[in-house]
Amino acid sequence: MITELYLPPFLYDIFKSAVATIIAIVFTLLNVIIFIYAERKVWARSMQRMGPTYVGKWGSLQLIADLIKLLSKEIIVPSKANRVAFLLLPILVAIVSLMIAIILPYDYVVFYTLQIFQPLIPSVSYLTKFVVSNSFTAGLFIIYVVLGLNPVLILLTGWVSNNKYTVVGGFRAAAQLLSFEIPLLVVIASVVVLTNSLNLYDIVNMQQKVWFVIVAPLAFILFLITTLAEGERTPFDIPDAESEIIAGWNTEYSAAPYALLLMGMYARAFFSATLIAILFFGGWLGPTLPGFLAPFSGPFWLMLKTYFFMILFIVIRAAFPRYRIDQLLSLNWTKLLPLSIVNLILVVIAKYIVLSLGLIS
Amino acid sequence: MSRVREIFNAVYRIIYGSLVATYAATKYLFLRRPTIEYPTQTIQFTERYRGALEVDDNLCVGCGICAKVCPNTCIFMVPYERGNPAMIPEIDLQHCMYCGLCVDYCPPGAIYHTHVVKIVGFKRSDLYLSQEKVTNVQELEYK
Amino acid sequence: MVNDQQTSLESKDIRTLTINVGPQHPSTHGPMDIVVTIEGETIIGADVKLGYIHRGIEKLCELRNFFQIPVYLNRLCYVSGMFWEYGFVKAVEEIMNQKVPERAEWLRVIACELTRIASHMIFFASFGADVGNLTLYSWGIRDRDRIIDVLELLSGQRMTFGYFRVGGVRYDVPVGFEDNIEKSLRYVESHLRDYERLTVENPVFIARTENIILADSSKALELGWTGPLLRATGLKRDLRRDEPYAVYDTIDFEIPTGKRGSVLDTFYVRIEEVKESIKIVRQAIKRIPSGPFQHRALLYPPPGIGYAHVEDSRGECGYMIVSDGSPKPYRVKIRSPAYVHVMSLPYILKGLKLADLYAVIGAIDPCLGEIDR
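Chains as they are written, first to last, in the working numbering: chain A, -2 to 358; chain B, 9 to 151; chain C, 49 to 421.
Be a bit skeptical, because a hint or two may be false.
Listed next, the in silico DSSO-like pairs over lysine-lysine satisfying Cα-Cα at most 27 Å (straight line) [claimed, not checked]: (1) 231/C <-> 327/C; (2) 35/B <-> 54/A; (3) 401/C <-> 161/A.
In case anyone wonders, no lab produced these hints; they're calculated from the structure.
Please put together the full structure from these sequences, using the hints given.
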């Protein structure tokens, strides 16, 4: 590539990472829009009504219209609130939520999809060198370290709004997120037991003979439940959806800050769906697509599985009511945490069975 | 032993319950929806549906029973310009509650319900059916 | 013995917090203000403030003639309008000793039972919205719409029916009514199984509603409860069985009861009641005799006092009419079941958690139109 000739190596690395990061973030934002659109349509369908249909064919441009509306409204800051913190926090939440987009293999998805055009534009094959996400040797770990900032930010968001109800809402949200992180990390540890590696690419490559959902089904179910709770989705969405009496932590946010908060929330849910596909369902492994679509088969299977889990999240939202906050926390401490430890033991046993069968290298 | 059975029962009910709830919500993704897109499609009213009132001035005799019977006093008898009948009802559609008592008690059956439900206006007098408008309510319908 | 002083809000303890569950609700009950005093997470007192939708209907009845009043009364509880017209008409017929033809009695039964189904669908819808499951809201409205279509075929309007007259009903059965009813009932029945799947068998829903005990049967009787709430505590009290009116004594139906008086039991009772109402309507359609649908009746009754009560979808709705021989009644007193239930909220909310408040309000099924009148 031209830049290989003219740039010193470390600048070339920075250039590669910058391109990959930007592509990953743009791809995430695009998928967030798809996710919100799918949520409105699929949830509406399970309620037996149509979602948006008016703006664009089948309502596809409705989200763009909503985004423009949100961005064009007045940003209201409560009078006694800390103005700098109030306006800065949604940006921080959005940054923290989008930061992990580079660790997940979205740049792989985009660049390998572009390989379809290789017969037409031969230089497109250089883009495969721009994939950065396989260089994170501890990718899974970094994801949850970064997401661990979330409870603090949400607590602060509730605090700076100068509203006694949002403070309580922020505390509840932080309590929920912090307590559900523990079984989540234990389940992640059980997956790492199977693969001895925290790199997402290694985890997928280990699943070539058998998917991890067959080796450790209990881990899959626990991961599904805890990641629903981390993403603040129903049935665990009491801090976010109109928390009945005590207001949610994002009540005071109005236009563009609200759009950022919403985007962060849906981005986290999208990442959770991708993580389930990668950790348990074999990521981008699947039958190769025929003909000129061959390089596209990896991204195709990954996004197919991701979208399947996205729709599962939405259907779960349609099917279940909300837990009360104390039932939620007691569910976590009395049921999920012991089960995750039991799961760890079962996975260790399963690993030796599977190793002896030769299904994992 | 019964304690183990209890726990097993509880776990089974949780798993089964979650699965059937998800199934129930998913099932409707594939069924035909009963909703219609309102401005472009509308439902048909039944025959008896009580929409806006209309007066047929060939049948009306100007007795004024409709005005007396109306619970909300929204019918007023005024002298008719055409002369036949001598008096004709003017109807205030804002106060009308579409109960149909005037239709039931009208002796010649001159006042009747149409299926007109979309009448809009900028002034209050747009919703007051004066003697010119009360004989032809279909024209006032918003299209 | 329930004591008024227990629910007083004059608490000098500074750890308590008074929250206004204000007139605007995120669910469809209506404007009602509940002032709860909480200590930590537990409710220690509540006060209900009503009157936001008071329209002076009892006074309005004194200013209108007897034959004009039934068209107003379906607006009392607008989700179950037929029962409110029925009570008034029955009370007037009692003063006048008016006979009603049998065909009209059967048509009244059909109209009432269809309205009961429609009203319970609104209960499902708003209860689902209260606990956070908006799918149930949509389904409730969808099924109610089918039933309302049938009632539109019968009476001409979808919510403000105006179907009852002193001495019978206002219209006869239209053409194609039996087929329409059968199709609509089958449509509603096919979805009842999904209601059960989404609620009574759903572990999150059960966890949310099972352990909230509203009252046991003796306390419920003390508080004056009637209808599905009383049946949820275990007593088998139903006006259609205890003091049969219309033709209910010839129809075969069961009275579902709950066990402990919990919120889940109220839900269960109402689902079963929908099934029983469907059974009643199917029997009635087959057994309607031919004949007139209206008997001649005087426009206003002679002087006297009459009381009539019907089994509304929320309980016992009663009318006491005092007539002094003039075309307008002297006094119409309306007994609304939801009013009794809502005013017993201070007694049943003590000791419950704040997050259960909406589930309890939903289980009581208030319809503010009849509460405030």
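Here is what the structure says about each hint:
A C-alpha spacing of about 14 Å is found between residue 231/C and residue 327/C, which places the hinted pair at or below 27 Å, so the restraint holds. Of the pairs offered as hints, the one joining residue 35/B and residue 54/A holds, with about 25 Å between alpha carbons and a cut-off of 27 Å not exceeded. Restraint check for residue 401/C and residue 161/A: satisfied, since their Cα atoms lie roughly 19 Å apart, inside the 27 Å limit.
Checked against the numbered hints given earlier, this structure breaks none of them.
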